[in-house]
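Colleague: The primary structure of each chain is shown beneath.
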Amino acid sequence: MAAIARQQQEPLEHELAALTGRMRAMILRSLASRALIDRRHVACAIATADARVVQIDNPARLAVADAVLRSVLAAFGGKFADGDVVLTNDPFSGGTHLQDVTFVTPIFLQGELVGYGIVQVPLPDIGGMALGGYYPRASEIWAEGVRVTPVKCYRGGQLQRDALTMLLLNSRLPHLIEKDLEIVVGALEQCKTEVASLNVQYTSADYRQALHDILADTEARTRKAIQVLSPGNWRGESEPIHSCLQEQKFRVVVHLRVTDGTVSLDFSGSSAAAQGFINMTASTTMAAATIPFYSLWPSLPANDGVLQTFSFFIPEGSLLHARLPLSVGWSTYQPSLSVAQAVAACLRQAQSERGPVVTQIEGMFSLPPLPFMVTGCGRPGCPFPSLPRA
Amino acid sequence: MVDRITALVVKDSLEAISEEMSKTVERTAVHPLFNEVHDYSTGVFFYDGRNVRLVARATAIPVHIFASILSVEALMDCFRDDLHEGDIVMLNDPYYGGTHHADWTVMKPVFFEGTPVLFPSVRAHMADFGGPVAGGYNPEAKDIWQEALRIPPIKLFEKGVLRQDISEWILANSRIPNVLRGDLAAMFGACNLAEQRIHALFAKYGGEVVNESIEYMLDYAEKRFRAEVAKWPDGTYEGTATLDHDSMGTRDVQVKATVTINGSDLRIDFAGSSPETPGFVNSPFGNTVSWVFTALCSVLPEDIPVNSGVFRAVKITAPEGTVVNPLPPAPCMFSTVVIGGDIGTATMRALAQAVPDKAGAVSLNYCLCTTYGHDSRYNSMFVTIEYGNTLVAASGTQGCDGWGGWPAPMCGLIYSTVEMSEIQFPFLYHQYEYVSDTAAPGRWRGVPGFAMKRESVRDTSILNVALTGVRHTSPGFAGGKDGASSRYVLNWGTEHEEEVLESAANRPSPPGTVIATFKGGGGGWGDPFARDPHKVLDDVLDEHVSIEQAEQQYGVIIDPDSLKLDLDETIRRRARMAK
Chain A
1 MAAIARQQQE PLEHELAALT GRMRAMILRS LASRALIDRR HVACAIATAD
51 ARVVQIDNPA RLAVADAVLR SVLAAFGGKF ADGDVVLTND PFSGGTHLQD
101 VTFVTPIFLQ GELVGYGIVQ VPLPDIGGMA LGGYYPRASE IWAEGVRVTP
151 VKCYRGGQLQ RDALTMLLLN SRLPHLIEKD LEIVVGALEQ CKTEVASLNV
201 QYTSADYRQA LHDILADTEA RTRKAIQVLS PGNWRGESEP IHSCLQEQKF
251 RVVVHLRVTD GTVSLDFSGS SAAAQGFINM TASTTMAAAT IPFYSLWPSL
301 PANDGVLQTF SFFIPEGSLL HARLPLSVGW STYQPSLSVA QAVAACLRQA
351 QSERGPVVTQ IEGMFSLPPL PFMVTGCGRP GCPFPSLPRA
Chain B
391 MVDRITALVV KDSLEAISEE MSKTVERTAV HPLFNEVHDY STGVFFYDGR
441 NVRLVARATA IPVHIFASIL SVEALMDCFR DDLHEGDIVM LNDPYYGGTH
491 HADWTVMKPV FFEGTPVLFP SVRAHMADFG GPVAGGYNPE AKDIWQEALR
541 IPPIKLFEKG VLRQDISEWI LANSRIPNVL RGDLAAMFGA CNLAEQRIHA
591 LFAKYGGEVV NESIEYMLDY AEKRFRAEVA KWPDGTYEGT ATLDHDSMGT
641 RDVQVKATVT INGSDLRIDF AGSSPETPGF VNSPFGNTVS WVFTALCSVL
691 PEDIPVNSGV FRAVKITAPE GTVVNPLPPA PCMFSTVVIG GDIGTATMRA
741 LAQAVPDKAG AVSLNYCLCT TYGHDSRYNS MFVTIEYGNT LVAASGTQGC
791 DGWGGWPAPM CGLIYSTVEM SEIQFPFLYH QYEYVSDTAA PGRWRGVPGF
841 AMKRESVRDT SILNVALTGV RHTSPGFAGG KDGASSRYVL NWGTEHEEEV
891 LESAANRPSP PGTVIATFKG GGGGWGDPFA RDPHKVLDDV LDEHVSIEQA
941 EQQYGVIIDP DSLKLDLDET IRRRARMAK
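As given, the protein sequences belong to chains A and B, one line each in that order. Take the first sequence: its letter number 150 is residue 150 in this note's numbering, and every next letter is one higher. Take the second sequence: its letter number 566 is residue 956 in this note's numbering, and every next letter is one higher.
Partner residues are not named here, just some residues of chain A that face chain B (Cβ under 8 Å, in silico):
| no. | residue |
| --- | --- |
| 1 | D90 |
| 2 | G127 |
| 3 | G128 |
| 4 | K152 |
| 5 | L169 |
| 6 | R172 |
Label-pair ranges, simulated between beta-carbon atoms:
| no. | chain 1 | residue 1 | chain 2 | residue 2 | range |
| --- | --- | --- | --- | --- | --- |
| 7 | A | C382 | B | E475 | 55 to 65 Å |
| 8 | B | E475 | A | A81 | 16 to 26 Å |
| 9 | A | R379 | B | E812 | 37 to 47 Å |
| 10 | B | R571 | A | G363 | 38 to 48 Å |
| 11 | A | L113 | B | E809 | 50 to 60 Å |
| 12 | B | V551 | A | Q201 | 31 to 41 Å |
| 13 | A | E353 | B | P901 | 54 to 64 Å |
| 14 | B | N568 | A | K79 | 24 to 34 Å |
| 15 | A | T262 | B | E812 | 52 to 62 Å |
According to the in silico footprint, chain A covers these stretches of chain B (three or more CB under 8 Å from chain A):
| no. | segment |
| --- | --- |
| 16 | 540–550 |
| 17 | 559–569 |
Rather than coming from a laboratory, the hints here were simulated on the basis of the structure. Ideal Cβ placement from N, Cα and C applies to all residues, glycine included.
Only chain A is shown next, with the shape it has when bound in the complex (with noise of 0.2 Å):
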């Protein structure tokens, strides 16, 4: 049975990154907002029956998705039933800010829970002080919009009509809302028979079995690849990060430590959380730091495998693992960049001079064209412009 399914293993592998693939085309080509987000936030997944990351399309989402889909399966103590679709936004059950909205719906074969496709999409507006939700001066999360806890938006395929209705009353974009949920749960369904029918194709057990071997394939490329770098201690500091609520300076401090296949990230030192919206959550943070192992290894897979070899310490309470209610909004842009750009220094220091390098991260964490304002405070060194407040 085994040698059957490490047979199976590579083709599955190529089936889930093409479904996952698929799921994206689809949703980038018919999401209603699409003109009005940020098309990097976009990421669709595939988890293993106990809630393992097997493919996800977006590496730099990979930690999110792991950490969604856990506090999900928390929330509802992992019943669900065939036809869920839970949606999340909030930060502080495992996401990013609340302009990222996590839809996880489990599948099902013939009765039995066989995994989970997870979708992560941007909401064009959710509620709060500003259209779009990226608040300078907001102090409190709830200043950046409205927090969705996990909640089943259809349960056994029955769409909760006023779960709906909130969700859509607290956005300024209401319809653009509601036609990306039907185009993300159209693309859970597709994942959903297409998962299904693979089930079917390689039977439940060998599938089990090819995940399996496909989670401890990556873990083990991945301890292969860290084996290149240099063993030791590094060292590696953001550029400050301003703070338009506080005069100080906000800095990343990270210290890698590589050893035999594993990396063990540790922030401590880094500032203190924020009273603005350049906060992240602990998950975020973690999403950040891998994106430099996927730029010096851009051939990994994107799954939970790559996960097993990491270790984090990101101190609670300090800007990158802020506590409720600090607000967050900006997280996945400066913020983020900083602890790339931290982590991508210790990492050149790392690298073997014959082995890969680091290329250019930066351009993943500039903030696109929206059509939305952010204003700032107008003091030196404000990424924002200035307007005069009314």
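Starting from the known structure of chain A, fit chain B onto it as the hints suggest.
Modeller: Relative to chain A, chain B alone:
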């Protein structure tokens, strides 16, 4: 047909159920907004398959009760075909028949022979529900999403089972989720208790008797109301009222009410009112209706039952897009007091032309201060409305001085005590009292103005302030004088002292800083020179009025040494001044 006695017993039973619901909430809720201030209302609604009717309510906040009907209608519109025993539904959205985000309506259908017939309901002002500003009063709000979480009609319990995910979603949007959880549980508990009582009522009298009794009491209220209106002179009467500002730069916002009396029919139209404003004073239609009925019920004999029968004879219209019937997403958080009070005033000024003896002030004006922060004693967040500087607006009416703290529209509210406030929040009160010579003169005077000084202690609080009643104060009626002008000072007694003229958003109040407020009282009713001199003497002895003002405002002469009334000199003085 049910006999009159039985009908009245059923009516009183339903009112007793409402009262028991009210006591249940009071004794089990967590936030002082409930258990001290009593900022909630309970009632029972009836649905005949077509219309929602209010059939009973406990003594409560008029603005809650009248708007509740529209909220319950909105709930029925959404769920009428999807209600089951054990369901509990709720909403808070101002544009689903609500008033402002803070007032949440919870309702439970009670079934008789498989059909939902009666609907006990609690409407309450919740302490916090997300939004950029704790408590929801955001003076900088330019749209409704800048105020707080919007909850449309939503089912929170399904067949007796809590929808945990929906509940957690709502709680996640409060700064004080455990308090909110407790307050909601109190509201659910009251509805559950009412369900038991209503089942007992049906068991005792049967569905036919209960239904006939409800129809009887609705008809009775309508009949009594129409009989009263029929005594009023037919005609068209206009009244206006003006609000100082909307916190966003719009000043002198106008409400115009045109009341038409035709036999026993009453029509009130608000054409000519100001367009909706950028600031948070816009009044959703439910709120406007509430304030119209607050004014109307103030001129009715008090033994007329307040139920939907009263509303049958009244037609209220307000042009869309105006400050009295705004379109979403106009912000509206402040509307339950202002511009609400101005809607009441405009209506009352029109009514005053038809029934001058019965008209009087129903406005409130407001010296709003929501405060929130972290209380280090309890290591938890707190959110509260400062009631000490929002009290006192009761005006004089025919036969009665302005009394106590809350004015008639908020008569169900109770003072929060200084001592409990200091225990529950990081405050220390230095002053909390009436101020002499601030009561609006009249044959029946307004309540005096009220001064408060509150210090922040231990922890820094965040303040949001909106001040009205500065230029357009509580109005006098029938020759009575207007109330005093309100004031608000931040950092009182320091070099950073700042007088707030309209509003201030997100102001930190570090330990040791003091806010000093003065809330102008109510208006007077009738000519001050017609006031019983003995009552003026009482006011002097109570230090509400000085001896000098007694003479100047009332023509009453009091000997400063003996503090005795000089009645002869008073008569002469009044006669001289009358010339």
